[in-house]
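Top to bottom, those sequences are chains A and B. Under our numbering, the very last position in the first sequence is 225; numbers go up by exactly one each time. Under our numbering, the very last position in the second sequence is 223; numbers go up by exactly one each time.
Certain hints may be false.
Quick list of the computed label-pair ranges, beta carbon to beta carbon [stated by the list, open to error]:
1) A:54 <-> B:211: 19 to 29 Å
2) A:60 <-> B:22: 47 to 57 Å
3) A:12 <-> B:89: 38 to 48 Å
4) B:145 <-> A:33: 53 to 63 Å
5) A:57 <-> B:22: 32 to 42 Å
6) A:58 <-> B:37: 30 to 40 Å
7) B:211 <-> A:189: 39 to 49 Å
8) A:127 <-> B:217: 24 to 34 Å
9) A:14 <-> B:129: 49 to 59 Å
10) A:127 <-> B:211: 56 to 66 Å
11) B:33 <-> A:54: 38 to 48 Å
Because the hints were derived from the structure by calculation, they are not lab data. Cβ atoms here follow ideal geometry from the backbone N, Cα and C, with glycine treated the same way.
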Amino acid sequence: MEDFVAAFLNVESMQVVMPMLWRGLAMTAGLTAAIVPAALVLGLVIAVCRDLKVPVLGGLLRVYVDALRALPPLVVIIYLYSGLPLLGVRIDAFATVVVALVANGAAFFGEIIRAGLESVSKGQREAARATGLGALQTEAYVVIPQGLRRVVPPLASNVVELTKATALGSVLALPELLRSARMGQSIVYDATPLVIAAGLYLVFLWPAVRILSRLEHRMHGSRTG
Amino acid sequence: MESIAHYYFNVSVMAEAVPGLMKGLVLTLALSAATIAFGLPLGLGLAMLRTTRRRVLTIPIVIFADVFRALPPLVILIFFYFALPYAGFSMSPFLCVVLTLGLCLAALAEEIFWSGIIAVNRGQWEAAYSTGISFLPALVLVVVPQGIRLVIPPLTNKVISVTKMTSLASVVAVPELLNQAVTEQGFHANPSPLTLAALMFLLVFLPLVQLSNHLERRYGTIG
């Protein structure tokens with residue numbers, strides 16, 4: 001038991017690595033703050049373009065959404081990171097992760113929001129048009145507010161997924177929380193930094209997961225009840 | 001334009017990379033199969049245990065499902081691979097990946113199966129009991145089959161998203177598709193093998209994404 005504590009919850013190791021882990025946590029938060037809003041906005045734009053059946057663009061976006069849903073995010077990250085510099089595009093690890101995960105997140109958000117918009121009844125659209133609203137106004141004032149509300153649980157679930165995906169940045173040696181823990185581990189030679197990092201992820205994401213369960217069960221309940 | 005063709009779609013580099021990538025693809029498929037075979041039955045089993053509504057069972061199951069849904073899979077993988085050896089457990093990288101992804105899938109599947117099971121109408125239980133069968137046959141023969149049918153679309157989505165994560169295995173040097181592509185890329189100093197690997201991932205996962213689109217449309221589920 002003592003050996004276990006010395007290797008997994010070593011107080012001295014903690015003192016050494018905590019400053020690193022705080023910086024790592026700040027970077028994970030920064031990545032999340034940069035990625036989630038951009039992916040949401042882009043996803044909404046994609047969903048609206050597809051919902052309005054914009055010619056050509058709608059079809060292209062469908063291909064984009066399916067391709068990005070099929071590609072593992074780590075593949076996209078590594079492809080961008082090792083591919084873009086050869087074209088003369090200078091891009092650092094932080095920007096690579098942001099671009100890759102925004103591209104990935106926008107595809108998932110786009111698909112979720114589109115399903116929400118599609119679920120708004122035709123009568124709502126016709127009623128809106130009958131009052132003299134244009135196609136875009138109908139979308140903005142009538143369809144989006146109702147459609148978005150129905151897909152809050154899957155949207156929230158995808159926000160959690162994107163937050164978790166920022167750990168992929170560690171593969172490019174970006175010093176976010178996971179990478180900081182690995183660096184800490186190479187200084188103190190025990191598992192304490194990884195335990196603390198996992199604990200920090202849990203502190204922030206466990207409440208989110210709990211709330212999600214509530215939201216999802218409520219949705220399933222109302223659908224069948 | 002020429003440099004795009006040279007760096008991204010270099011056919012001679014791709015041709016040389018094919019044998020390595022094929023080996024990687026086989027390993028990716030093996031990882032996926034092992035993950036699903038381990039994760040889905042475990043998730044279903046846990047969801048069924050939860051129907052007993054015993055606190056001794058429910059609380060650990062909910063904690064397990066929450067923790068494995070809250071932690072990034074890469075963090076769990078790195079923990080299994082780099083931290084557990086300090087406690088005297090060493091596992092092969094392949095096993096670490098299957099264990100990580102299998103447990104993540106089990107956690108997600110447990111939640112989904114559970115929401116399906118509780119969505120089955122109460123009357124189904126009562127009808128089953130009225131035929132004279134007891135709790136376990138009622139659960140296994142009547143409720144679970146209906147519950148599973150309700151949750152096929154979200155379950156398919158989660159299976160796809162966890163299977164895609166087999167690419168994380170490249171981080172612990174399992175020579176699956178992504179890892180092979182990175183090796184080939186380094187060898188040829190040209191990212192065309194990555195292009196080919198991305199196409200192979202599309203080949204495997206696009207049909208699955210199409211399937212999930214179809215299921216969602218058919219069952220009318222959102223999310």
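Verification of the supplied hints:
In this structure the hint that residue 54 (chain A) and residue 211 (chain B) lie 19 to 29 Å apart at CB holds, the actual value being about 26 Å. Hint check: residue 60 (chain A) to residue 22 (chain B), Cβ distance near 31 Å, so the stated range 47 to 57 Å is violated. Take residue 12 (chain A) and residue 89 (chain B): their Cβ atoms lie about 23 Å apart, and the range 38 to 48 Å is violated. Taking the beta carbon of each, residue 145 (chain B) and residue 33 (chain A) are about 44 Å apart, not inside 53 to 63 Å as hinted.
A beta carbon spacing of about 36 Å between residue 57 (chain A) and residue 22 (chain B) agrees with the range 32 to 42 Å that was offered as a hint. Between residue 58 (chain A) and residue 37 (chain B), the C-beta spacing of about 39 Å keeps the proposed range 30 to 40 Å intact. At about 47 Å, the CB distance of residue 211 (chain B) to residue 189 (chain A) agrees with the hint of 39 to 49 Å. About 25 Å separates the C-beta atoms of residue 127 (chain A) and residue 217 (chain B), a value consistent with the hinted range of 24 to 34 Å.
For the pair residue 14 (chain A) and residue 129 (chain B), the beta carbons lie near 55 Å from each other, so the given range of 49 to 59 Å is met. Between residue 127 (chain A) and residue 211 (chain B) the beta carbon distance is about 36 Å. The supplied range of 56 to 66 Å is therefore violated. Checked against the hint of 38 to 48 Å, the pair residue 33 (chain B) and residue 54 (chain A) passes, with Cβ atoms roughly 40 Å apart.
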